[in-house]
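The primary structure of each chain is shown beneath.
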Amino acid sequence: MIVGIPRALLYHYYYPFWKTYFEELGIEVMVSPPTNKVVMDLGVKASVPEICVPIKVYLGHVLELVNMGADWIFVPRFVSIQKGQFFCPKFMGLPDMIRHSFPHIASRLLIPAIESTTDDLATSPKQYREIEEKLGISTAANKRALKKAETVWIDFRRWSLKGYEIPDAMALALGTKNPQQEAATIIEHQQDEITLGVLGYVYNLYDSMISLDILSRLREMNVKVKTFEMIPERMLKERLIGMPKTMFWTFSDKLFAAGYHFYNEESIDGLIHVTAFGCGPDSMLGKLLELDSVKYQKPFMTVRIDEHSGENHLQTRIEAYVDMLRRKKQLNTQRGA
Amino acid sequence: MKVSFPYMGTTVVYKKLLEMLGHEVIMPPKPTQKTINLGVKYSPEFACFPLKVIMGSYFEAIDKGAEVIITSGGHGPCRAGFYERVHRRILEAEGHFVDFIVFDSMFRDRKTFIENVKRLKGKTPLHKVIHALWMVYDMIGKLDKLEMEVQRIRAYEVNRGETTRIWEHIQKMFDKAYTRGALRNAYDKGRKMLAAIELHSVEEENRIRIGIVGEIYVVMEDSINMKMEQLLNSLGAEVERSQYLSQWVTYNMLPKWINWSHEKHILKLSDPYLPIQIGGHAKQSVGQIVDYSRRGFDGVVHLMPFGCLPELVSQSIIPKINEDFGIPVLTISLDEQAGIANNQTRVEAFIDLVKSKHKERLSQGEKNINKSTQHVTTTG
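Chains as they are written, first to last, in our numbering: chain Z, 48 to 384; chain Y, 950 to 1329.
For the record, the hints were derived by calculation from the structure and aren't laboratory data. Careful: at least some of the hints might be erroneous.
What the hints assert, rightly or not - Derived BS3-like pairs: lysine-lysine, alpha-carbon spacing no greater than 25 Å straight-line:
id, chain 1, residue 1, chain 2, residue 2
1, Z, Lys284, Y, Lys1060
2, Y, Lys1141, Y, Lys1121
3, Z, Lys130, Y, Lys1060
4, Z, Lys345, Z, Lys273
5, Y, Lys1141, Y, Lys1077
6, Z, Lys292, Y, Lys1060
7, Y, Lys1306, Y, Lys1316
8, Y, Lys1067, Y, Lys951
9, Z, Lys130, Z, Lys375
10, Z, Lys345, Y, Lys990
11, Z, Lys92, Y, Lys1306
12, Z, Lys292, Y, Lys1067
13, Z, Lys342, Y, Lys990
14, Y, Lys1125, Y, Lys1013
15, Z, Lys342, Z, Lys375
16, Z, Lys181, Z, Lys209
17, Y, Lys1304, Y, Lys1269
18, Y, Lys1141, Y, Lys951
Please work from the sequences and hints to get the whole structure.
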């Protein structure tokens, strides 16, 4: 029995959890290949034109897994991972979009509804009952697997918080990379180096096809990057205290808090907001942060991406932005001296 | 207090309630191209269309002297729950420091809710407040009944535009009614006026009926949906809207135990397609399309703001409903870029299709009847 996990959306946040969970249950896991032109086209053709690119890509990955011969496809319904907050409506209706658009695979979908009070998915085992029923697994085995998955996932988060980007953190948590080896490769912070706070959902930033690999482009320019998942939960929460109403989408809320964290943190020289064309939550969040960039005197740039994004355009924009930040920093240090 | 509110649908209702509570009401003008331009200029580019139009409305209301804006809130997952934060911030950035009274769910934050109610109530004695609420509730129901009639008969009016003119006049009559007697009078008079409109006679079986579903703001506010109801009527189709204010109030404002409204039935119908509430009116839209097909409607027009999160999900599910029930659905997404001529052509083509389908069904029905009579004659 093979369960297919689409390499899209929250794969980039929960893969270590899901992989460990299924393998612990003795089920083989199959992951779709990194997003490529074929997968993207499959998704674009299958979806409503107006919807955002990460959802289109997700549909592409689901279809690709069907082609690859997975017996089951894991498409959880993300409802909530924090009390009083939700996921974007598109996440909540995603399994329905899939099962009604492709009725021939509807019977092969695993759709656990994820409703928990923390982003640790092991805390409410009842959401995995669907898997018990469909795959014939005992409750005890299920609990054991969840426990193990939780340990690995927490380890993954720990690596993220240390400043590792998600692919590295995943490899470290899953044991495919050696921590000692990794520690040596971290470059020491240099004097004239600039640090950018990059705001964006994990499924956009870490999908090199969607984000046009903006993170490695920045790395090549010798820019240090910080993203929201590298900031401890506690510090994010602190930023939101005293706000009359925060975002009611969990990850948008985290980005929102991360934005203010970056504004307040002295080591951050500027912000880049990477957002998908037509992203609903981001349209609000981006505007509020943009209006406040004046208050905090920190540059803020929006990069909007979709399936038509051009590489050269992006390269030119970020180069110009980084050059501007470097010049600003040099001027400031000269004045300071 | 000089209060104002977002413009949506039959605004006389909100105006009346606020006036009866002793506030000076600054009526926001009905959204025009100018309102939209103003809203688009200040709003985030990818915000949904209602946010932009309401933004424009606020600027216009503030221009007319509004000091306090009353609006609804929410806690997601639809973006509408966050409108007020963005609106307030943008207004502040433009130097307008107006006060907002936001009604979030009373069950979630009872304290703020009660505070808001107290502020609105002001010095009005309690019995007067109850009287005002009761009267407005009555008025919404009456207006909705008349509006449903308007949407039906306008399809067959002999003199183009007569029904719309009379409907506007009726709303003005309601605006002037402050006692229950006056309200009843206005209602009776309105009914008589509508009954007096000269109509083409169309046989029952030749009548085309179209349902409008979708996101509440673009469904209810005709100035931003290209006057969809009037357009459909003028093409000879009767129209029913998925949302009427009275239903919304019954479902959202009254306690659960008297809530066996239409809405519950609709939500149940959508269960096979969309098992949970995903915000906005997606679940309702899906249920309503099923409901309309069960009730023998000829087609459905599905309206949504461009990029609307919940409605995109319902749009993805519509092909399946269409397959299951055979009801034609036309989805139109609206925003400041919408071209009227383009959409008009689409609607006209849609109605042509619906009409020919209707005819086909009729002739199919006749054939079946002939067959069965033949059958009877041969066996007999």
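Hint-by-hint comparison with the structure:
no.	hint	in the structure
1	Z:Lys284 <-> Y:Lys1060	23 Å, holds
2	Y:Lys1141 <-> Y:Lys1121	16 Å, holds
3	Z:Lys130 <-> Y:Lys1060	19 Å, holds
4	Z:Lys345 <-> Z:Lys273	15 Å, holds
5	Y:Lys1141 <-> Y:Lys1077	31 Å, violated
6	Z:Lys292 <-> Y:Lys1060	15 Å, holds
7	Y:Lys1306 <-> Y:Lys1316	15 Å, holds
8	Y:Lys1067 <-> Y:Lys951	16 Å, holds
9	Z:Lys130 <-> Z:Lys375	42 Å, violated
10	Z:Lys345 <-> Y:Lys990	24 Å, holds
11	Z:Lys92 <-> Y:Lys1306	29 Å, violated
12	Z:Lys292 <-> Y:Lys1067	21 Å, holds
13	Z:Lys342 <-> Y:Lys990	21 Å, holds
14	Y:Lys1125 <-> Y:Lys1013	22 Å, holds
15	Z:Lys342 <-> Z:Lys375	17 Å, holds
16	Z:Lys181 <-> Z:Lys209	38 Å, violated
17	Y:Lys1304 <-> Y:Lys1269	22 Å, holds
18	Y:Lys1141 <-> Y:Lys951	36 Å, violated
In the structure shown, a violation is registered for the earlier hints numbered 5, 9, 11, 16 and 18, in ascending order.
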